[in-house]
Amino acid sequence: MRMAREAMEREKLQLSNELAETKKELDRVRSLYADKLIEQSRLMDRLLDQELAAENLLQGGEEHEIEKRFSEAMQVMALVRRRILEVEAEFSLFERFMAAALDGLQPSDAMRHEVEQRVVSLRRVIESSLNPLSLVAGRGNGDAEQPGCMVLSLDEETQSVYLNRGFQHGLRSGMVFVLERAGKTLAEVRLVECRPDTSAAILSQGNWAALMPGAELKVKR
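Going by our numbering, the letters in the sequence shown line up with residues 4 to 224, in that order.
Hints are computed from structural coordinates only; laboratory data are not their basis. It cannot be assumed that every hint is accurate.
[What the hints assert, rightly or not] Below, computed lysine-lysine pairings styled on BS3-like, alpha-carbon distance capped at 27 Å:
#, residue 1, residue 2
1, K223, K187
2, K27, K15
3, K221, K187
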């Protein structure tokens with residue numbers, strides 16, 4: 004009996020260590036993606052500057068400078084996409100690792116569901132980033148009637164979130180968005196800064212832990 008109990012304790016310890024390593028890996032992927040999002044945001048700002056400069060040059064008729072500006076803009080777009088594809092490749096490896104880890108750990112159904120939902124949320128954020136860049140392909144096509152948005156990344160220290168939509172989609176500073184689940188409001192965030200295609204918000208009410216990358220928010224009615 005004692006030997007069986009000791010064996011169970013060793014197995015429990017091993018599973019706990021494997022779970023801790025899995026959580027570390029998830030945090031690493033999140034950190035990697037957050038870094039890439041920050042870099043993507045900077046590149047998007049550069050792209051917008053290039054587009055505006057090109058539009059101004061177009062009015063002035065300086066053909067050589069126009070071609071140069073558009074060439075630079077296309078290079079920035081290509082760099083943005085390469086960076087996102089790097090994250091996508093890394094995340095694909097992580098998905099396979101997570102699936103194998105869950106099979107080995109055999110967690111409860113609730114825990115398995117929670118982990119799988121977080122992985123799916125991250126996958127959705129990455130796939131949305133791989134769509135045609137909104138600064139070029141979707142300019143002016145924002146949905147002003149129901150400007151919902153998705154959480155791209157979070158900063159726990161300031162309790163702020165980075166969202167995938169901006170004023171071109173009808174968002175404005177001061178707007179309040181809510182995270183709902185099963186008809187209950189879990190968190191509210193208030194927009195404090197809006198850019199063309201992204202925005203930043205801070206937690207104004209509710210549970211910070213409920214927010215995560217990929218979470219979909221709706222305008223508070």
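Hint check:
1. K223 - K187: Holds, because 12 Å separates the two Cα atoms, which is no more than 27 Å.
2. K27 - K15: Holds - the C-alpha atoms of K15 and K27 are around 18 Å apart, at most 27 Å.
3. K221 - K187: 12 Å, holds
In terms of the numbered hints stated before, the structure departs from none.
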